[in-house]
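In full-length UniProt numbering, the protein residues as written are 1 to 326.
Straight-line C-alpha distance at most 27 Å; calculated DSS-like pairs for lysine-lysine:
(1) K70 to K35
(2) K54 to K13
(3) K266 to K87
(4) K54 to K18
(5) K70 to K266
(6) K35 to K54
(7) K274 to K19
(8) K245 to K87
(9) K70 to K245
(10) K274 to K18
(11) K27 to K70
(12) K35 to K19
(13) K245 to K266
(14) K19 to K64
(15) K100 to K245
(16) K274 to K35
(17) K18 to K70
(18) K274 to K64
(19) K41 to K64
Please keep in mind that the hints were generated in silico from the structure rather than gathered at the bench. Note that the structure is a prediction, hence the values are computed from the model and not measured.
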Amino acid sequence: MEVQVELTEDEKKCWFRKKEVPDLASKEMSSTYEKFSLPSKEEGCDELLYMWYKAPQCQQYLEKWVLDRKLVQRVEDLQPSDWFRGKHAEWNRVLGFWTKRKQQEYKDPNRRRLAAKRKEVDEAKKKAKEEGAANEKEDKEEEKEKAEEEGKEKDEEKEKEKEADEKEEMEVDAESLDPFAVEDVCDIGGSQPLFANFGYEDWVLIALRFELHLLCHAFRHDLDDPDRTSFQESHLAFYYQKYFKRPLNLRSFGVDSNNQLVELVKDVVELNAKGALEAQLSSDSPLENFVRLTEDARRDRQLRVDAGDARNALSAHYQLMGNEVQ
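Turn these sequences into a full structure, and let the hints guide you.
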């Protein structure tokens, strides 16, 4: 008995049978598909016949296919540029300054005192430089008067130093300050840095923020292709390894997927409708902005803890620390 085979509507629309094993391996496809083209008479063909579409439609189909491949195909031969290395080196230098010197100065009263005095000296030198011309024109009479009042001025200087020390020891209510309104993230008052309350997880997240931000911009800069300004989230681990020379371990951030990882730092990078990563900050955004964003996120997490949303708020915190929320 002959079996009647009937095709579904979807099968009738399919002109090519898709195979489980591709014709080209991913690496070969990545390095060649942009050069794909249709045959032409300039290549020695006497006549070109297109079975399914007319020649213009075939050309449009190929161009669209290449464009679609750009959105999903990894760039196997992409290499980090000097631009990326410069940005990354600058970040490591500044991050080291924040985590070591400034944080230590704030926690150590003696170092805080020295830091405050250094700042006063720097400000005094700057002011003296600006007013240098005027100071040089002081006449002898003013110098004499100054000498006569030297004893009085010394007493005033001692009083000012005492007031400065008292001012230095004053605690600043950091929680009442808007992180985005702070001019100097290393000193919001009393030599207190904006990141004074950062815990281990905050330093991990500030690094993640910058790395994903830089990765998005480096990809766009180094590839320099207007048709391909970003990459799919499924390729995140590949490009992260290529640029930062280490694997992206999702478990170390307490997440199971790239989507969850991006959700941790959605203030600097997001997934668009096509599933590609998009940076939310410009490539020349000041590095201090990452401190401001991380401090804002830390406060939000703390507010949720205070409101009783401990599991949701602390899951990332404890998993980053290598623990589990009970």
